[in-house]
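Q: Spelled out, the chains give:
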Amino acid sequence: MTKNIYLPEMATIQEVIRETHNIMTFRVTLNNPEAMKNFSFKPGQVGQVSSFGTGEATFVINSPPTRMDYLQFSVMRAGEVTGKLHTLKAGDQIGVRAPLGNSFPYEDMKGKDIVFIGGGIGMAPLRTLLLFMLDNRADYGKITLLYGARSPVDMAYSYELPDWLGRDDLDTHLTIDAPYEGWQHRVGLIPNVLLDIAPSPENSVAVTCGPPIMIKFTLQALEKLGFKDEQIITTLEKRMKCGVGICGRCNIGTSYVCMDGPVFTRAQLRQLPNEL
Amino acid sequence: MAKVQFIKAADVKPWLAELAKEHRVFAPSYDGEALLFRPFDPAREIVLDRAATMPPKKTVFPQSEQLVDFTYSKDPEDLSRIKIDARETLPSGSTVVFGSRPCDVRGFTMFDRVYLTEKTTDIYYKARRDNTLFITLACASIENTCFCNWVDSDPCDSTGSDVLAIPVSGGYLLETVTDRGGKLLSSKLLVDGESKKEEAEKFCEEVAGALGAARDLSQAPEKLLAVFDNMEFWDEVSAKCLSCGACTYLCPSCYCFNITDETIGMKGKRLRSWDNCMSAQFTMEASGHNPRPTKAHRLKNRVGHKFSYYPAIHGGVTSCCGCGRCIKSCPAGIDIREIVLKAIDFKPAAVEE
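If you read the sequences in order, they're chains A and B. Quick note on numbering: the numbering used here labels position 222 of the first sequence as 222, and the sequence is numbered without any gaps. Quick note on numbering: the numbering used here labels position 329 of the second sequence as 1329, and the sequence is numbered without any gaps.
Just so you know, these hints were derived from the structure itself, not from any lab. Given the structure is predicted, the values throughout are model-derived calculations rather than measurements. Some clues are possibly wrong.
[Stated by the list, open to error] Simulated DEER-style distance windows between Cβ atoms:
| id | chain 1 | residue 1 | chain 2 | residue 2 | range |
| --- | --- | --- | --- | --- | --- |
| 1 | A | G188 | B | P1076 | 35 to 43 Å |
| 2 | B | Q1063 | A | K89 | 32 to 40 Å |
| 3 | A | I213 | B | A1280 | 18 to 26 Å |
Every residue gets a Cβ at the ideal spot worked out from N, C-alpha and C, and that includes glycine.
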């Protein structure tokens, strides 16, 4: 029996976390225990989450494959599907088609120093890889995290930050755009803070995700620090429907972001036509 | 050439009536001014002297089809708890399309490379594709919008068909192309066609000659990429475009779709419908960002996909069957051939100051 690529697995929301005024995190389990037990994915892979009656949208699975009690999706309210998802609560039913897409090259990154640079909701795809690496800590060198948001209240995963800041095997830097009462970390735009921290490009890989304007200047900063195109990894977003390279809307030239992405190195992006 | 048979023109309808006992049969007949593939009806005239306005695309890939059927049910103990059941809804039954043209059927071979791959099988497409047979009619008249010979085809091409019908004096020579096509040729209305073979061969030669010389598109993939960033080029070739999407809906090889949900009360369905890359909505993201913000970007992607990206992915095969419907039916008179040739001939040095 050939798998029906369009039929979602039914899933139950176990927990809803309100991260910020417009981001909610959903922890879900597949209703079929066999399917949940056999579910496997790689960090960076995405899923199509359905609210039946409204539609589907694509989100990264931001829990790591090393922690399989639930699958976690963080949803920023932007359109119809995300608006509907934001009304859901624990116990509600959704559909999940996953895993889809490629993943971070976590095998090739073994033995290297890793620099994570996340802005806003862009922290979601980084979170899965960061936690995966922390769960396989011996495989990787020094891990640096630079995570920024507009203000402290725009920072998702705030409840995890004390742990990340406290770990001695993770060098965490937090930043916000403008001064805020009680904020004890850095103030400044991510690219500027990155230049200040100045991680070495030696045997390093930088992984960055965030809003387009942040990515643009972060790439410039990384270049200034000496990071080569092959050492810079990011993820792309496009409007997607099928998630398996058929429906025809997420292509950039010959590459389908749903299938060949969402993870690309900067070197790979340079090979694609300019249509981001 | 496998077994050949002959059918008198006057026996076509009785033959289709026989086939209609076992299959859904579609044949070209007028619906108002549009010549469409419609369910066989003995009372309707079957029109075979020209290509249909729309290809028989919907016989395998319906304009709108149901993928999933879902129902909500409330938990009587806690009305805020809603259970959802979702089920797949696969098509069944077999279909015979009579009077498709070689270009129409070749369109499905462009689908096949995307919908039926080693990695992924679209089971809805497969269910229809496996159960739809094509009795294709070789083209007797060539229109000035026809260019199947530019894309490695010809008016007697049987690729993707199950039976090829070639016009000969008094009727049609029927060539078996596939085994399942051969099974359609067991009617007593058919007679041995061996004596008409020579006439059919001559027909195919003549009609191929009527197409004129083919243009070489082998450089198109690379040349279209070379003008990718030249928005002046794309603004110019798309200036007349109304973004109506007729080109995509009439195209036998346009396979893009949208997925949407509809609900009525406690029931709903997830639908797949033809989509149109010429629409701004096609790539519009929830944030408001659109990677293809103008009609120039969108036309670039349509032409690029067919003549550059698809061939690059699928061993050089152009995702255009040369039927010319997009040219004939474009309300603004855009000719995709001109765009491709213009890109091939484009010299960067010729850019005006």
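Q: Does each hint hold? Answer for all of them.
A: Taking the hints in turn, this is what the structure says about them:
1. Between G188 of chain A and P1076 of chain B the beta carbon distance is about 56 Å. The supplied range of 35 to 43 Å is therefore violated.
2. Remark: the range hint 32 to 40 Å for Q1063 of chain B to K89 of chain A is upheld by a beta-carbon distance near 37 Å.
3. Between I213 of chain A and A1280 of chain B the beta carbon distance is about 22 Å. The supplied range of 18 to 26 Å therefore holds.
The structure does not agree with numbered hint 1 stated previously, though it agrees with all others.
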